[in-house]
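Participant: Below, each chain spelled out in residue letters.
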Amino acid sequence: MAEEEAIFDPSLKKKKKKAKKTPFDFDAALAGGTAGNESAEVEVGKENENPEEEEIKDVDDLDLESFGKKKKKSKKKAFPIEDLEVASPEVEGQDGEAVEDQEDLDLDFSKSLKKKKKKKITGVVEEEKDEKEESTGVAWTTDGDYTYDELLNRVFNIMREKNPEMVAGEKKKFTMRPPQVVRIGTKKTSFANFSEICKMLHRQPKHVLAFLLAELGTSGSVDGNNQLIIKGRFQQKQMENVLRRYVKEYVTCHTCRSPDTILQKDTRLFFLQCETCGSRCSVASIKSGFQAVTGKRAAIRAKTA
Amino acid sequence: MSFQNLKTFDPFADADKGPGEAVQDGLVHIRIQQRNGRKTLTTIQGLSAEYDLKKIVRHCKKEFACNGTVVEHPEYGEVLQLQGDQRENICQWLTKTGLAKPEQLKVHGF
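So the sequences go chain by chain: A and B. Each residue of the first sequence is one higher than the last, beginning at 1 in my numbering. Each residue of the second sequence is one higher than the last, beginning at 1001 in my numbering.
Errors might be hidden in some of the hints.
DSS-like mimics (lysine-lysine), calculated; alpha carbons at most 27 Å apart, straight line [to be verified]:
# : chain 1 : residue 1 : chain 2 : residue 2
1 : A       : LYS287    : B       : LYS1054
2 : B       : LYS1106   : A       : LYS231
3 : B       : LYS1039   : A       : LYS303
4 : A       : LYS237    : B       : LYS1054
5 : A       : LYS248    : A       : LYS287
6 : A       : LYS248    : B       : LYS1101
7 : A       : LYS296    : B       : LYS1101
8 : B       : LYS1106   : A       : LYS248
9 : A       : LYS265    : B       : LYS1106
Please keep in mind that the hints were generated in silico from the structure rather than gathered at the bench.
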């Protein structure tokens, strides 16, 4: 099956490349050209684990293609599409074997394009695998119908162009000072800058404490110098992981991921209100869940009895 | 002419849901607890009551080379306990066997 595909695909691609050119939108070519090539390259890299040089070749190939588009456009238009499709496989047959590897690489690129084209011209979907590939389609704008993904990409690109600060905002990471975790003796761990971190997160220490203890499945308390003492041995890395989970769940907005949020309690439920986008969503309450007996059972029995 | 004995028992009567299909609902919480020294305990809470937890634990004990047990809890139902940090193992095993989907697994702890 794989071999068959390999032999078969080149023709698909060639067909496509030629067919694609006919109704090409000039603006779209300019706009989509760079982005399209990039994403195609990424896809190619993902799916085929071929050596890098071949990828580079592939890129060249694509670049040439997009370059040539503008010139060829007018000429190709004159041809009826059916002719092109019939004719191209023959052309392909000659050089097909030689460049098989290469052809294989831009498979995705060509296929997704082909697919759209096919729909437009004949309305018939030839092969199922084309359909599968479609989801990975490039945001290529031809005239007429756009897929949802294309439109989504486009609107995001426009947004980025219009307000570059938003892009910067996206990239601006939410940084936090690392938790200072020190062992006390052999069985306890101190989290020295606990209150400081709570302040940075704009969360009540009580809430953070409840989360930490529930997640770690231990007990602990805040001592006189505002440091947290937890039972059990924990390393800084482990605490970082838990804190990261806390931030993800209870600090960053679930919609826009901005850390500028307020946690409110409303009718026994916690709501996360975002200051940036104004969204408001409920967050899970902190439950420690099942706790297995780890201590000495005899001691527990003595206590209760 | 009736072959009563052929009809009486349908071995697939309770299998109409299909393997791993919506039997598990709700999250499976996988937690870790520290014990004395470097020892830990992994608890798996929230597995569907349809599953035979004893069978699961029997298999897991062999698979992960650890001891384990099923604990009955009034609020949380039957909870699996495995010795050692088996969080990774149990996650992989649950998804591999199709008992729970990856998005249903919630791993707690450090």
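Participant: Taking the hints in turn, state whether each one holds.
Facilitator: Here is what the structure says about each hint:
1. A:LYS287 / B:LYS1054: holds (26 Å)
2. B:LYS1106 / A:LYS231: holds (23 Å)
3. B:LYS1039 / A:LYS303: Since the Cα atoms of LYS1039 (chain B) and LYS303 (chain A) sit roughly 25 Å apart, the hinted pair holds (cutoff 27 Å).
4. A:LYS237 / B:LYS1054: violated (35 Å)
5. A:LYS248 / A:LYS287: holds (17 Å)
6. A:LYS248 / B:LYS1101: Roughly 22 Å separates the two Cα atoms, so the pair holds.
7. A:LYS296 / B:LYS1101: violated (36 Å)
8. B:LYS1106 / A:LYS248: It holds: about 14 Å lies between the C-alpha atoms, which stays within 27 Å.
9. A:LYS265 / B:LYS1106: holds (24 Å)
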